[in-house]
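There are 2 protein chains.
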Amino acid sequence: MDLEKVLKENIDCLSNIGNAPTGGMTRLLYSDSWLAAQNTVKEKLEAIGMSASFDEVGNLFGRVEGTKYPEETILSGSHIDTVVNGGTLDGQFGVIAAYLAIQYLLETHGKPLRSLEVISMAEEEGSRFPTVFWGSKNFVQEAKKEDVLEIADFEGLKFIDEMKRCGFDFRDEKKEKRDDIKAFVEIHIEQGNVLEKEELQIGVVNNIAGQKRYTIVLKGEANHAGTTPMGYRKDAVYGFSEICYEAINRALEVGDPLVLTFGKVEPKPNTVNVVPGEVLFTMDCRHTDSVALASFTEEIEALMQEIAKKHGLAIDIDLWMDEAPVPMDATIVSTIEKAAQSEKMKYKLMHSGAGHDSQIIAPHFPTAMIFVPSINGISHNPAEETKLDDLVAGVKVLASTLYELAYK
Amino acid sequence: MDLEKVLKENIDCLSNIGNAPTGGMTRLLYSDSWLAAQNTVKEKLEAIGMSASFDEVGNLFGRVEGTKYPEETILSGSHIDTVVNGGTLDGQFGVIAAYLAIQYLLETHGKPLRSLEVISMAEEEGSRFPTVFWGSKNFVQEAKKEDVLEIADFEGLKFIDEMKRCGFDFRDEKKEKRDDIKAFVEIHIEQGNVLEKEELQIGVVNNIAGQKRYTIVLKGEANHAGTTPMGYRKDAVYGFSEICYEAINRALEVGDPLVLTFGKVEPKPNTVNVVPGEVLFTMDCRHTDSVALASFTEEIEALMQEIAKKHGLAIDIDLWMDEAPVPMDATIVSTIEKAAQSEKMKYKLMHSGAGHDSQIIAPHFPTAMIFVPSINGISHNPAEETKLDDLVAGVKVLASTLYELAYK
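Listed in order, the protein sequences are those of chains P and Y.
Quick note on full-length UniProt numbering: the first sequence kicks off at 1 and runs consecutively.
Quick note on full-length UniProt numbering: the second sequence kicks off at 1 and runs consecutively.
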């Protein structure tokens, strides 16, 4: 099996489904291209000798029974949907890598002792409907019907209608969660530039960072920029600048894996000759350790209050996202690490700063992730790319990991 | 003459012309309400015994001949136009105060030795067409036909058509500038909060601040807020925050009359979970001394370059407005000061941080300004207001000043 050739063919094949005329890939949940992609993957699973089937909501599974412990399942895969004008790797690479790794194992070693499964999850990106992780949350029986009953896409098409149009329905909420999954391994592009900067091929993910997102409003007084002496001002942008400057300086002192971003800044009235009376800004803070994350954000919240007070500004701090870090399963992490060593790959243990299906699955089943480098750290963009060598390296490490988990 | 009553009546009368249904006053150059206001002022000038006439472009003059030195003219007034949804004082108070002060002087002291004139200038605000100081620039023969020949308002109505519709035309550019103006005194609301904060009634303006306006673009790299470690970032908003914080700290050290404002901040992509790759911001810096202004902005430009370099950001600094400070005439300033003293007003010598017709006229004729307080420093807004007592105080100081200049 010429892995390089087959991998390229499979990526090209799936990338033709949902190829957006505006550039990049757009394959949104319960759209025609989404259904075509899932059906194409189903054919591919069957072609390599797996039995393939959808669950009620449209997650696709391929399965090959284990010869000795068929009731123990080793699972690999990722999501099939994309963002609008996304790339050709985010999501589908994890699906393709999973079935090619299994194809390679079946060809090389025959049937596994434990059952091997591929999952091509229905949705992760939240790009069409205001819901996210629909695939993985249904897989672990966490998704709730009432959360999506009334939602619609930007064209007004209802979630439920589009789901049924594709032949799917809500899952039976009374059904028990599967108890046969002994491991889930997801391979994904890094979506960052760490592996590239450090000239590595593989990231062995031991943690998915927790994140807190805030919207903060500072209120002072809008005044004439010419006639208001500095001493009589309550300049909201000046207050923001001190907060942003001091907070990021602190984040740099604290160091990795903490990250802190002030991504949105919207002064009012936002005009050259008016002292800004108000500014709305966002703060996104992530860390792999929940105690360290809480301690840092508490420090920054206090700093913001103090700076606002000093400037005579009113401050409103709204924490609207608060997700705990999700540690990966230590045994699987160690298995992946050994696989990377045995395949002679340059790798590192690292965390994921982005969210993934694995963070939904990890609290239920032993889970870990493998990263391959992203060129220039770019993702969610038609320019998303990874060297073919690195993609192949990823499939090899995944295959070696699945071999350890399913054949021994 | 009950100055308080007459002043209130005159402000109310003119404020009915251009009363905007959306709140405040909107009286734009060469509009119907603008023409109605100028014609109303003309009637008022004639009613107090002045001869009244328009120049070619629509500046309105009222004149009473001096008995001893008729060829020496003492001029007072301001502009008749407003911003969109402006207040009832910016501009027209200076016109009303001028003719009421002269009415008071004529009633109290009879004819002046020198000629007294009122000017109700056509336009100062630049609110309808992309031109500003059309009134004062025509008065001093500086306005250029070619600058307005092609311009139109936001509805597409051409400047030249609207001018002609109102019965006006371009001035004869060959005509010589008047040489009879011995003094111009403009009274205006402060549009700031200095007089109010210091509990004063009168500002004697000795300088109109120079100003420099910049647009600055910082360029770094847009990156994923979760997957990009702090050390691998080129965060344009972080760079901006250091520039804004350090520059305003320096401005506070330097102290009055320097003012520095970062009024507009526009990051890209301006999203919570993306490290901002770019930020566009404005800087507005004013000072009454051109050497001090240049020295400070040079220092800040160097600081911005240095900070950008430290952050690995590209920087583009565009200086698009560079107006020198305009000192007022020392003799008239001293005359106004003595008038404020003789009227027992609480006053201070101060500069204007905002632009006024006086800055156009001062390089041609001896000029000075009188300020009255603005409640909460508000102007260009329906909430623009000054206590009636303070308005009356202003008219009294203006009358006393004109008496010194025209009767002695």
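Keep in mind the hints are simulated off the structure, nothing from the lab.
There could be a bad hint or two in this list.
The list makes no distinction among identical chains, and a pair is therefore deemed to hold if it is satisfied within one copy or across any two copies.
As the list claims (entries may be wrong) - Derived pair list, reagent style DSSO-like, types lysine-lysine, alpha-carbon separation capped at 30 Å:
no.: 1; residue 1: Lys268; residue 2: Lys42
no.: 2; residue 1: Lys268; residue 2: Lys197
no.: 3; residue 1: Lys268; residue 2: Lys309
no.: 4; residue 1: Lys408; residue 2: Lys145
no.: 5; residue 1: Lys264; residue 2: Lys309
The model shown is predicted, which means the values in this text are computed figures rather than measured ones.
Comparing the hints with the structure gives:
In the homo-oligomer, the alpha carbons of Lys268 and Lys42 never lie at most 30 Å apart, since the shortest distance is 53 Å inside one protomer and 41 Å across protomers. Within a single copy, Lys268 and Lys197 get their C-alpha atoms only as close as 39 Å, which misses the 30 Å cut-off; across copies the closest is 24 Å, which meets it. In this homomeric assembly, Lys268 and Lys309 come within 30 Å of each other (Cα to Cα) both inside a single copy, at 19 Å, and across copies, at 29 Å. For a Cα distance limit of 30 Å, the shortest separation of Lys408 from Lys145 qualifies neither inside one copy, at 40 Å, nor across copies, at 91 Å.
In the homo-oligomer, the alpha carbons of Lys264 and Lys309 lie at most 30 Å apart both inside one protomer (22 Å) and across protomers (23 Å), since each shortest distance falls under that limit.
Hint compliance for this structure: hints 1, 4 are broken, all remaining hints hold.
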